[in-house]
Each structure stands twice: as structure tokens, then as C-alpha cells.
Amino acid sequence: MKKFRKVLDGLTTSSPGGTIGSPSCGSAAGTPTAAPTPKEIDVQETLVSENFQLCKTVRHGFPYQPTALAFDPVQKILAIGSRSGGVRILGRPGVDCYCQHESGAAVLQLQFLINEGALVTACADDTLHLWNLRQRRPAVLHSLKFNRERITFCHLPFQSKWLYVGTERGNTHIVNIESFILSGYVIMWNKAIELSTKTHPGPVVHLSDSPKDEGKLLIGFESGTIVQWDLRAKKADFRIYYDEAIHSVSWHHEGKQFMCSHSDGSLTLWNLRNTTRPFQVTFPHGKIQKDGRKESCKPILKVEYKTSRSSEPFVIFSGGLSYDKAGRRPTLTIMHGKAITVLEMDYPIVEFMVLCETPYNNEVQEPYAVVVLLEKDLIVVDLTQSNFPVFENPYPMDIHESPVTCTAYFADCPPDIIPILYSIGAKHKKTGYSQKEWPISGGTWTLGSHTYPEIIITGHADGSIKFWDASAITLQMLYKLKTSKVFEKPKPGEGRAAELVEEDPFAVQMVSWCPQSRIFCVVGISAHIILYRFSKYDANTQIVSLEVRLQCESEDVISPSENENNPCFSEQGSHSPQPHHQHPASPGNRTPEGIKDSIPCLKVKDRVVRVPPGYQSELVIQLLWVDGEPPQQITSLDINSAYGLLAFGNCNGVAVVDYLQKTILLCMSTLDLYGAADPYQRLTRSPRRNRQSTSGLTELTDNQQSIDMERSKSPTSGHASRRAMLQQLHGVTMYSHDEHHTTASYCWSERESRENSFSRSRSSSVSSIDRDTKEAVTTLQFGESYGRKSDALPTPCLWVGTSLGVVLLIPMSIPTDQEERMEEPVTIGPSGAVLMLKGSVLRFAFLDLVGALIQSPYEVWRDLNAPEDPDRPRRRKLVHFSPSSSQDACGDGHLAVVCSERQAKVFLMPSQSCLFVHNITESSFVLRADVVSVCNSVCLACFCANGHVMTLSLPSLRPLMDVNYLPLTDMRIARTFCFTNGGQALYLSSPTEIQRITYSQEMCDNLQEMLGELFTPIETPEAQNRGFLKGFFGGNAHTFDREELFGEAAAGKASRSLAQHIPGQGGVEGMKVAASGAVGELARARIALDERGQRLGELEERTALMMTSAETFSKHAHELMLKCKDKKWYQF
23 MKKFRKVLDG
33 LTTSSPGGTI
43 GSPSCGSAAG
53 TPTAAPTPKE
63 IDVQETLVSE
73 NFQLCKTVRH
83 GFPYQPTALA
93 FDPVQKILAI
103 GSRSGGVRIL
113 GRPGVDCYCQ
123 HESGAAVLQL
133 QFLINEGALV
143 TACADDTLHL
153 WNLRQRRPAV
163 LHSLKFNRER
173 ITFCHLPFQS
183 KWLYVGTERG
193 NTHIVNIESF
203 ILSGYVIMWN
213 KAIELSTKTH
223 PGPVVHLSDS
233 PKDEGKLLIG
243 FESGTIVQWD
253 LRAKKADFRI
263 YYDEAIHSVS
273 WHHEGKQFMC
283 SHSDGSLTLW
293 NLRNTTRPFQ
303 VTFPHGKIQK
313 DGRKESCKPI
323 LKVEYKTSRS
333 SEPFVIFSGG
343 LSYDKAGRRP
353 TLTIMHGKAI
363 TVLEMDYPIV
373 EFMVLCETPY
383 NNEVQEPYAV
393 VVLLEKDLIV
403 VDLTQSNFPV
413 FENPYPMDIH
423 ESPVTCTAYF
433 ADCPPDIIPI
443 LYSIGAKHKK
453 TGYSQKEWPI
463 SGGTWTLGSH
473 TYPEIIITGH
483 ADGSIKFWDA
493 SAITLQMLYK
503 LKTSKVFEKP
513 KPGEGRAAEL
523 VEEDPFAVQM
533 VSWCPQSRIF
543 CVVGISAHII
553 LYRFSKYDAN
563 TQIVSLEVRL
573 QCESEDVISP
583 SENENNPCFS
593 EQGSHSPQPH
603 HQHPASPGNR
613 TPEGIKDSIP
623 CLKVKDRVVR
633 VPPGYQSELV
643 IQLLWVDGEP
653 PQQITSLDIN
663 SAYGLLAFGN
673 CNGVAVVDYL
683 QKTILLCMST
693 LDLYGAADPY
703 QRLTRSPRRN
713 RQSTSGLTEL
723 TDNQQSIDME
733 RSKSPTSGHA
743 SRRAMLQQLH
753 GVTMYSHDEH
763 HTTASYCWSE
773 RESRENSFSR
783 SRSSSVSSID
793 RDTKEAVTTL
803 QFGESYGRKS
813 DALPTPCLWV
823 GTSLGVVLLI
833 PMSIPTDQEE
843 RMEEPVTIGP
853 SGAVLMLKGS
863 VLRFAFLDLV
873 GALIQSPYEV
883 WRDLNAPEDP
893 DRPRRRKLVH
903 FSPSSSQDAC
913 GDGHLAVVCS
923 ERQAKVFLMP
933 SQSCLFVHNI
943 TESSFVLRAD
953 VVSVCNSVCL
963 ACFCANGHVM
973 TLSLPSLRPL
983 MDVNYLPLTD
993 MRIARTFCFT
1003 NGGQALYLSS
1013 PTEIQRITYS
1023 QEMCDNLQEM
1033 LGELFTPIET
1043 PEAQNRGFLK
1053 GFFGGNAHTF
1063 DREELFGEAA
1073 AGKASRSLAQ
1083 HIPGQGGVEG
1093 MKVAASGAVG
1103 ELARARIALD
1113 ERGQRLGELE
1123 ERTALMMTSA
1133 ETFSKHAHEL
1143 MLKCKDKKWY
1153 QF
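All letters in the sequence shown, in the order written, are residues 23 to 1154 by our numbering.
Since the hints were made in silico from the structure, they are not lab data. Treat the hints with care, since some could be wrong.
As the list claims (entries may be wrong) - Cut-off 25 Å, straight-line C-alpha distance, at most; resulting in silico cross-link-like pairs (BS3-like, lysine-lysine):
1) K627 x K507
2) K312 x K257
3) K558 x K502
4) K234 x K220
5) K360 x K320
6) K78 x K183
7) K278 x K256
8) K449 x K504
9) K324 x K504
10) K449 x K513
11) K256 x K504
12) K220 x K257
13) K256 x K213
14) K320 x K278
15) K507 x K684
16) K360 x K502
17) K507 x K452
18) K449 x K507
19) K183 x K1147
20) K1137 x K1147
21) K507 x K451
22) K511 x K625
All chains, full assembly: derive it from the sequences and hints.
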């Protein structure tokens, strides 16, 4: 616990660990401020660096670019591998684990050790990994790196410890799963095929043991060659040479037949009695043409042949459609007897897997579901019903249904908000799902004790908003809102609006939500703002529209020496039921020429519309085109339900709207806000008309950035570049169309990712503006504060932060009586204080004089559509958190925390003295900053463009944590990163996944308790009784001893140069989270015990091998002695 006592006498003060702050930083034009009244403040800071630790908690969403699929039929858990080396393991809802290979190599194949709590992954860097799933955070136990051969296929028989590995050269190697060492037993490709064969058979594409006899291994080569290899005799039983390439093979459970899928869209069925030709050849989707030939079909990439006791066998395959049907969607075909069902998919099929009742391959399979992994979705089909319905997916796999363009994260929400949103959202759920329970039901998960209501909001490119319940590290969809319903559907190429944004006119840029009043605000890319109120009742409503002219002439920006600085003119919209009126503003208003261009980008519905329960639009604010120029993007927004006001800004200026009276209170350029207190010496230039491709903040970024972004060929390239640069400058929640539309996927192209990397050089000194720029409003905050030094009591104020590091305070007078508030106008005074920081201003927050966070005032939610109750008239109930409410500091002011791209400052209000200053970064810049509550205290959390996550104490701005978390960052992460209370944060780790992290030591300690268990001890089902005759005539499958064949005693050692064994971290990774306290000690002890047991097991194995070797030697010596006993010397 550290105590700070400062005497505020106007002298220079410094913060521990920070840089020295000068009193002049609180002045208007760099002159020292008058010395404030000496006052001793007593702030006890409780946070120390030990309260902070950064770690990932959980990942939500669909695995990006999936590549592989596996299922454990006993544990009932599913694994999905991805191109970036990630592995997601899913069980029952709440059991969701993400693992990442350090190499980042794509996952080629996954194999569960069924009911063993382990998983084998084969990666594109030709490495096998064994993962231990018996801990909440899985870790690699062993790795095996192949040096001379490339892995193409793996197969692990049930209850076997020997893994078959096929390679690109056509060889098959065998790996001991326990020791992860290669066996000396190798099936070379030239031994597998006939000596007379002149061509190489190609890579191994299939390996499986015969259901009839485990000693027989079926090897499929890409060229069409199939070999059944007798593992005991070390020779081929039969060889099949087919003239079509093979993609997959599937056995009948009796082991007498198998089916192959081929590149020409055919399925061949082979009988082991006669392997000279296929027993049956079918083209499921190939029709006979008029000339008698079969039409050519696409390859069947995979087939599964599954038997059922009660019905005909199932043949399920992907692909095989005819080429002539252009535009057909990817399909999964289910052949059941004579019935053929074709299921069309929304995305290409990556992999599918049939789920069966038994893990034994020699029993009737009884398939009950098919898991289909698509490029952007995961679906499970119910095979037990004739219409094959899909199961309702309990995981949030549709986050990316439309590309995510912004995020917001709210921890510790009011407890009643989640049930209300869920009840309304449930009414709009899809129907037609299978009635059966979700089949992937493995693992265990319980609601932890450290849970509180959390909500994540995602905004999307199609204008939709999704509310998610994020409590207890799960994610569940609550409610979906479509903002596009407020507008008429834009016709393609219609008017000026089409020039601004053609493809996603409703894309969401940022959201503002007040959980207490349930007022919700959305900023869209077409320079529009929609205000929503929440209601449990449906209603007929007419949407009020306000149109705002927030466009400044270029000479106004660069020629401040002129006497007249023309603020922007605004008028009430033509869609509003009220007449046009002039808003209260400064007297320099004028109507520019080109009124014909005074149109918004979108047309609001001007008729009465029926709105369902939930969020209902009340007001739409749109910026207008001016003189052929499109409106600039909105860069900042704040709404306050207690004041009934909404403020927004862009690179032209700021506007304040009274949403209760539906009027515009203020609309002026940033320059006009200064009045006579402009801190900059602006250079006068001759006026020049800025066109859209060069307006905005283009000049404030790297030239390279501007040039690269301007190369875009799309008609919106100018706006895309401006959005990207605003994003880079201010960390404003921005969406770029380039991300969605220039590539096939929903992410920035690789070129953009490289060129838009956050490394820029920009002078932090901007005392003289000699560039053709506009000063953007980058952040806004309503709150009770002191607009001027002379103020004795706090009043409602609007804090305005700009891209040039200037902070302006605008005091307001708001009628307090409810009737007066609806009739009397809100008056806005001239701007008061002007404060200065380095870099673009990002965040404001207010503390009382004992260091507690002052919440913004709010209005308690009331349902405006509820039936009138004459006994209880609806009145506005306001909750205020005034700075004067703290004891011992009545009426003595408050602390204002201001954070910019470069530094953070703490000011004392109303004296405007700078108490503490800390330069956060010199080489990079801050993208996100928030004042958050952690461990019953508050701190400033920052995320920098170089990937560092930092926390600073308040008010002293001592560095508490600085972690280089993300080595490389991109626009998507910058756009979606957000902090919240409780030491949590999130960002979009890929276009389809949300990654949640914590920077709280307390949450890191409790994380083990919150995560689900992947492995639960379950008895392995017993094999069915085969019967005497079946066992007698069905081969000697159960007498096959792989250890005898593949062990070192029989097969010898493999070449050391062939593969390299890399010991894994084992359980150490899983221990890291719980590295302190009793939990950590127990974990360490348990892992040490496991390791000791493993070493003892290895020692026992080596002893057994030595005993076997000694017995063999003794036996041979005895035989030799008997043989030579009666021989004469000359007989030798």
C-alpha cells in the first residue's frame, strides 16, 4: 500500500516512474497557470505489480481456416485443426479448449488415442505431436520430427500403441506412441509393389488395419495402387492396380469388402475373394448422356461405408457432382439402400466424419450422426431420422456470419439484462432442428464461483448487431438487431449514396451502450447514427430523422487568421415530422452553394413501421453531402441518458444532439470551439478545394501508407484509405471495405497486413501546423465537471479530445425538472478549459479526491411502451455520481485522467493543474486505453501498436505491468481490441474467432477452476462376443502381438537421421497458470509423480528387454552346446 500526499502549489511535480509535468500543460497557450489554492489530497493506492499477470483465457468462434477433424467415440469430444497450427477441442457446452503448436505449421491430421486422454497431431512441417488432454490446459508430451520424408497419412488402431505413418515417398513407418520413437519395422514402397512395376505408386493416401485380422495392413497409394500387407510375413497378400487415383478407402465391418473413392467421381467396391477387378463400380452423380457416355464428375474426396443392424448400410461421401452443373453448392451425399439424399452446404467441405456407437472396427457400426466441417461452419447431421435434420449447434460458431467490424465488452452488467435479452432473442430462433441431444457431449464443466454477468457486443458489415452472454468464460448468443431495417433498401447505383459505399452501406463502425438505461447507439459507415431504446412490448413507431451539415471548407481549416471562421450549418431533416428550423449556434452560419447536394447517404423509412419487442429505433442522425463532397466518417461518439444528450465528431468538427427534444444543439468545426484560445499558430495558405481522395487525415500518416491505400481500384478507395488512416491515428473503431472485399476471406490481404503494420514515424511535436489537415475529434465524454477554473460547483460538461492532443471542455446548462427538460432548451456555453497532451486523445475518466472512479450519471430504464398506470405515472429517475459526493472532499473538485496515443496525464479540476504525467511510449503509439476496475481499485490499461499491454496506477501513473503480448499486430486486432472491468480484454484473433485474455493475477489463479475438464474416466465398452465358430473361422485377429513385431528386440532401431525425438513440456505448460499457492504445489507434485512413474515404467521396460535378451542368448548358447557336444575336433 502506497500513500501519496501532494501539496498543489502550482510548482513542478513528477510521478514516480513517470516524466516531469509542468504546470503549463494545463494552460491555454503555454503560459503558467495561476497557483491553485494549497490543498492536500490523500490517495491510498492499493494496486501493485503483483496484482497483474497476462494470460489467455478462452477462444470463441469458428476455428479459422480449418484443415482436420477427429472424434473420440468413447469420450465424445471433437478436435479441429487449423492452417495456423491451432487445435480446438470441443465437448459439452462450456468444454472448449484451444491449443497452439509453437511452430505455427498447419495441422494435416488428428488422431485421438481413444479413451486415453491423448491426441496425436501431424503437422505440415512433418512433425508428430502427442498432446496430453488429462489436464485443463493440454500440453505436448512428445514430438517427432521427420527429417527426410514428408508425412501424408496417419492411422492409429483402437487400443494400439503403434501409430502407422505414411509418407510422400510411399513408405510406411511405425511409431511407438508411449516413447514416441520410430520402430525399425518399415514397409518400403518398392517392397509393397511388384518388382515388375515401372512407376512409383505415389504418396500413401490411406492406411487401415483389416477388421478381420489386425495383422493385415491396407495401404492405399495415390496412383490407384492398393496393397494388403501381411505384417507378420512381411509380404503383400494382394495388390490392386486401378487406373483412377484414390482419395479414400473404407472397410465393411466384416473385413471381406472395402470401398474406394476416386478422382473421376466413382466409387469402387472390392471383394477380397477376387481382387483382379472391382466387385462394383458406381458413379452416384454421373448420368448417361445421349451418346451413351457417362458425364464427367468431380472427385469424391472421401467415402465412409457404415453398417447398421436394423437397416441397409450407409454410404456417405463428399463431392462427385458432375462438372456441367455450374454454380452448384458443395454437397454431402447419403446413400441409404436405394435412397440417395444430397445435402447442399453453404461452404466447401473440409472434412467429415461419421459418428458410430462402437469404437471397434469389426462390429456393426450403427452410425447415428455425421459431423461436417466446412470452411466457415460446423454442422452435425442426425442419421437416425429419415429427413436427416441437423442438430442445433450449442457453440457460437456464427460470430463471422457477417464480418465483425467492431466489438464492445461489458463486465459486471446489471444482472437482469441477460435474461431479458435472452427471452426476446429466443422468440426469433430458427426451427427444424433435430430433437435429439447434441452428440458431442464429452468433458465436464461447472459454473465457477468467480462469475458475474458479462456481455460482448459485436457489430457487423451487414449492419447487424449481436449481443452475447459472455459470463463464466462461455459465449452464448442472446439477441440480434438489424440496423438496416431503419432504412429503405438502397437501389444499386442510386445517386450520390452509391458513390460513398456500394457494398456494405450499413456496416457498423462503433457502438455505445448504457446497460443501466438500456439506451443503445450505433454508428454506421455511411456517416449515420441510430439511437435505440429498449422495450418489452411491440409498437408502431415513426422514426425521427435529423440531418446534420458537418462539413468545413478547407480555407476554414488552414486560414484561421481570417476574422470569420464559418461554423457548419445544420438543419432538421426533411424526414422529420417537425418543420425545418435553425439550431442555436454562433452567428457566422451561412448556407453554402449546392443545396441540391444536401442529401444523406441513406434514406430513412418515412412511414409508420411495426417494431417487435427489443431494441426499437427512436432517432436517426445522418451527415449530409455538401457541394459534391461526401460526409466524413464519424470518429467519436458519446451518449448520456441522464442528460438526454448525444455527441459525435469527425475530422470536421463536433455536434451535440438533444435526443429527448430531437433537436441539434451544437454543430461547429473544431477550430470554432477554441474561440480565442487556439493553442496553435496556424499558417495561412491560399484556399484549395479538397476532393475526397485527399481530404481528411491523409497527410498525417506515412506517405507510404497513403500511396499504398490509394492504389485500391475500388470506387471507395479514397474512403478506405481515410478509414485505415483514422484507424491508425486514433485507434477509432473503424471498418475498412478493403478487408472484406479485396480478398476472398474476411481479413486484410497479406499485402495490406504487411503495409499497414503499425510502425510509423510521426513527430509528436505539433506546435505549428504547416500541413493541409483537419483536426479530428477523436473522443468525447459527458460528465459532471468544472468548465472553468472559477467554477465552484460541478456542472454537466462535454469533454472533447482531438487528434492534435487538445482537450476542450464545453459546459452545459440542462433543466432539471422533467417537464422543463422536455420543453426548455439545453444551453451550451462557450468552451472553457483547454488542456494539452502529446498525440491524439483517446480516453477520459474522472476520479474523486480519494481515487475512486466517478461513474457517468444515467437514467434508470423505463419502458416507454408499457401500459399507463394512473397510480404510478412514469417519471425519469436519474442517478448522479457527483464529484462532491465523496466524504472529506465536499465541493473540492475531482481528478481528470486523460490518455493520448503517447502519454497519460492526471489533472486536478477545477484548477486544471497537471498532477502526474507519464510518457507511455516513444517508439510506438497507444491504440486502446481504458480506465478499468481491478481488485477493488482502478488503473489505466493501454494496448500499444507494438503489441505491448500495459497498466498504470491511478492517479500516480506508476507502471504496474508491461507485457509484450502480441509480437505482430494488424488492423483487425487494432479495430476490435477492448478492455473491460475485472482485468479482462478481448480482440478478434482471426476473422472468425474472439480471443479473451485477462491481465488480473486473481483471475489467472482462478482460471483452472473456470475451465472445463476434457477427460473424464469412462470404462471402455467391451467388445461383442464373437462366438466360437466366428472366432475359429474369422482369423486370428486377437492373437496378433504388435510388440513382438515392432519392438526393438525384433525390428531393431530406426535410423537416427530419419526422425528426431523432441521431448515436450509435458504438464509444465498446464502448471504455469496455477504456479502459486497450494494449487500450484499440488499440480507440481502430481506432474513430478507422473514423470517419476513414467521413468519407472521406462526402466521396467528396459529391464524386461534386457531379461528377454539374456534369455534368448542363454537359449542360443544351450542349443549350440547341444549341437557341438558329440562332434569330433575334425568335424568342426
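Quick rundown of the hints versus the structure:
1. The hinted pair formed by K627 and K507 meets the criterion: a straight-line CA distance of about 8 Å does not exceed 25 Å.
2. Of the supplied pair hints, the one linking K312 and K257 is violated, its CA atoms being roughly 47 Å apart against a limit of 25 Å.
3. For the suggested pair K558 and K502, the alpha carbons sit about 15 Å apart, so the restraint of at most 25 Å is met.
4. Among the hinted pairs, K234 with K220 is inconsistent with the structure: their alpha-carbon atoms are about 32 Å apart, more than 25 Å.
5. Restraint check: the Cα-Cα separation between K360 and K320 comes to about 22 Å, which is no more than 25 Å; the hinted pair holds.
6. A hinted pair counts as satisfied when its Cα atoms are at most 25 Å apart, and K78 with K183 does not qualify at roughly 33 Å.
7. Restraint check for K278 and K256: satisfied, since their Cα atoms lie roughly 21 Å apart, inside the 25 Å limit.
8. Proximity of K449 to K504 is assessed by CA-CA distance (about 15 Å); at most 25 Å being required, the pair is judged to hold.
9. Straight-line distance between C-alpha atoms of K324 and K504 comes to about 39 Å, which puts the hinted pair past the 25 Å bound.
10. Taking the CA atoms of K449 and K513, the gap is about 31 Å. The hint is violated against a cut of 25 Å.
11. Between K256 and K504 the CA atoms are separated by roughly 65 Å; this puts the pair beyond 25 Å, and the hint is violated.
12. Simply put, K220 and K257 have alpha-carbon atoms about 19 Å apart, close enough for the 25 Å limit, and the pair holds.
13. Taken as a hint, the K256 and K213 pair is honoured in the structure, with Cα atoms around 9 Å apart against an allowance of 25 Å.
14. This hinted pair does not check out: K320 and K278 have alpha carbons roughly 28 Å apart, beyond 25 Å.
15. Proximity of K507 to K684 is assessed by CA-CA distance (about 21 Å); at most 25 Å being required, the pair is judged to hold.
16. At most 25 Å may separate the alpha-carbon atoms for a hinted pair to count; K360 and K502 exceed this at roughly 42 Å.
17. At most 25 Å may separate the alpha-carbon atoms for a hinted pair to count; K507 and K452 meet this at roughly 19 Å.
18. For a cut-off of 25 Å, the pair hint linking K449 to K507 stands: about 18 Å separates their Cα positions.
19. Our distance criterion of 25 Å between C-alpha atoms is broken by K183 and K1147, whose separation comes to about 44 Å.
20. Restraint check: the Cα-Cα separation between K1137 and K1147 comes to about 15 Å, which is no more than 25 Å; the hinted pair holds.
21. Among the hinted pairs, K507 with K451 is consistent with the structure: their alpha-carbon atoms are about 18 Å apart, no more than 25 Å.
22. With a C-alpha separation of about 8 Å, the suggested pairing of K511 with K625 holds against the 25 Å cut-off.
Going through the hint list in order, the structure does not satisfy hints 2, 4, 6, 9, 10, 11, 14, 16, 19.
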